[in-house]
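Protein sequence lines correspond, in order, to chains Y and C.
In this text, residue positions in the first sequence follow the working numbering: the first is 16, and each later residue adds one.
In this text, residue positions in the second sequence follow the working numbering: the first is 1259, and each later residue adds one.
Worth double-checking, as some hints may not be accurate.
Taking lysine-lysine and the DSS-like style, the derived pairs with C-alpha atoms no more than 30 Å apart in a straight line are [to be verified]:
#1 Y:LYS150 <-> C:LYS1398
#2 C:LYS1603 <-> Y:LYS150
#3 C:LYS1331 <-> C:LYS1380
#4 C:LYS1398 <-> C:LYS1603
Computed Cβ-Cβ distance ranges for the label pairs, DEER-style [what the hints assert, rightly or not]:
#5 C:ASP1372 <-> Y:THR81: 35 to 41 Å
#6 Y:PRO183 <-> C:LYS1603: 43 to 49 Å
#7 Y:LEU279 <-> C:ASP1372: 42 to 48 Å
Read the hints as simulated data drawn from the structure, not as lab findings.
Quick reminder that beta carbons are idealized off the backbone N, C-alpha and C, glycines included.
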Amino acid sequence: MTAIAVVEGRSERGRRPARAGGLTRVSGLGLGLAMLWFSLLVLIPLTAVVVSAADGGWSAFWRTITNEQTAAAIRLTVGHALLVTAVNVVMGTLIAWVLVRDRFLGKRVLEVLIDIPFALPTIVAGLVLLSLYGKDSPLGVDVANTRSAVFLAFLFVTLPFVVRMVQPVLAELELDVEEAAASLGASRITTFRRIVLPSLVPAIAAGAALSFARGVSEYGSLVLLSGNLPFQTEVTSVRILSSVENDNLPGAAAVATVLLAISLVVIVALDAIQRRVARRG
Amino acid sequence: MKNRTRATALALAASLLLGAAACGDDTDPAAATGEGGSAAELSIVGFAVPEAANKAIAEQWTATAEGEGVTFKTSYGASGDQSRAVVAGLDADYVHFSVASDVTRLVDEGLVADDWDDGPTKGIVSSSIVVFAVREGNPKGIETWDDLVQPGIEIVTPNPASSGAARWNALAAYGQVIADGGTEAEAEEYLDSFFANVVALPGSGRDATTAFLGGTGDVLMAYENEAILAHQNGEEFDYIVPDTTILIENPGAVLVEADPVAQAWLDFVLGEAGQRQLALKGFRPVIEGVEVDEVEGANDPADPFPTVERLLTVAGDFESWDALSAKFFDEADGIVTRAISASGKAG
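Could you put the whole structure together from the sequences, leaning on the hints where they help?
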């Protein structure tokens, strides 16, 4: 009962004979281009952030990140990003499942709408959230200037990630395998757990990583609704902006470095979990 | 299939990056070239609010002999961001910011001459005052600074930590206590109760106005000129001019390497015609003798800029921007920084 993803991965690898220590000219060029591209867009800017964080010296770095207000903002941001990611893992998989396996009226429409939070400029998302869940809420739900506003904004902007990751994988799963499992006496739950889930886990993990990263860095969609109240609803991006406004770039970079480190740990952890689950399946 | 997942993840990440890059387009540093032609091009970099007024002034100026044929390239945004963009290389001949420290940043970099504030208006190009924006009909009866700190009053103000422009509000709140004969300790106490009543600290003046108009809070700390401009744009709220408030002074300057027409432009802006256009958009003139018949959107269009009983100024009550930046807004132990932090812990 090996998951399909693994089978395919293997066959693909089998097709390309890997020559130890050697790259063909074309793949060498590809690798070079990829590394250059990656360096320009990611490695160099990230290094610059870390270097300017070091500019102020260790004691300034430590003082910045242990500042009560900053520490509270980091706890709030990371905590809520993790929480929202957990919700997304469940809800995103569920939505993907419904979109792939069920037939219902308006499915196509829903399929398009899912991407809206991703396509909308975040400040517009903020406006929408403010008018729906602010003081004058037509739904009678007023979460303005509370932590729920942060949670809600994170949920809104990260919704598409897990759905969009899981959907194509689920669509390509062969139903035969599930049917075979069922005919051998596996219950629906067992089939899902042992057959479907292992194939989905890499996609879910990738979606979760994106969702977490987006949550941690979110600013635009919540500035209008969260109120930026220190110790209550102030997220890390606001602290970084405050440092920038005070021409304290090392301070801003210090907070950004902490976020980077945390994100790295979370993404590596997600990868580890994914590998473990995939192997067990 | 795993590879495809990776590829999708990469594609998504790439589009995120592209999105971020697109957001930064406004402040793209444009290279300073092509000024050799006969018709000069003037680059204006400013904070967002005076955009409409500057456009009107430009129309009048290009009708004069001096300004004839001059074309404009403009960039407007948050004051601090704009100032930092100029330091980073954004092409500018003339800058118009909301606080003096955004110009002194350019002086420190050698981009603006030391003597930029030696002129008759001390470098100030436009001015306004801090007012209270309230709901239509002023249901909570907010008239004075004391009314703001009553229990149950919800205040919205842009965040003085992340918005340079919002610092005027915090200074007014502090300074009015001193002006009424209070001690510094009493003024700090007032700030504590003021920020305890704050229900939202949006990142910029624009965000604060949006949040207020979206239903948050009873009172918004606003500028007179923005209240007038918002009325002109059809927004519905009232504004109250308190007995004691602070004079907001927005500096403007010509850059050292600017095209010579930039100085002529600045002179025109500071002249009667220029100040009249600014007044029509809600700014208080910085020179005497500017006649304006009617300013649409003011509480009393015929008397748009009522005299304030006690008007605080930075030079008269706070020494200078450099001094007050350190005293009030230092990231570690500024008076306002501490008051904001304390409000969060108490809540």
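Hints versus structure:
Distance hint between LYS150 of chain Y and LYS1398 of chain C is fulfilled; the C-alpha atoms sit about 17 Å from each other, no more than 30 Å. Between LYS1603 of chain C and LYS150 of chain Y the alpha-carbon distance is near 24 Å, which keeps this suggested pair within the 30 Å criterion. Proximity of LYS1331 of chain C to LYS1380 of chain C is assessed by CA-CA distance (about 26 Å); at most 30 Å being required, the pair is judged to hold. Between the alpha carbons of LYS1398 of chain C and LYS1603 of chain C the distance comes to roughly 27 Å, so the proposed pair stays at or under 30 Å and holds.
Our hint of 35 to 41 Å for ASP1372 of chain C and THR81 of chain Y holds, since their Cβ atoms are close to 39 Å apart. A hinted range of 43 to 49 Å for the beta carbons of PRO183 of chain Y and LYS1603 of chain C is consistent with their spacing of about 48 Å. For LEU279 of chain Y and ASP1372 of chain C, the hinted distance range of 42 to 48 Å is satisfied, since their beta carbons lie about 46 Å from each other.
Of the numbered hints stated above, none is contradicted by the structure.
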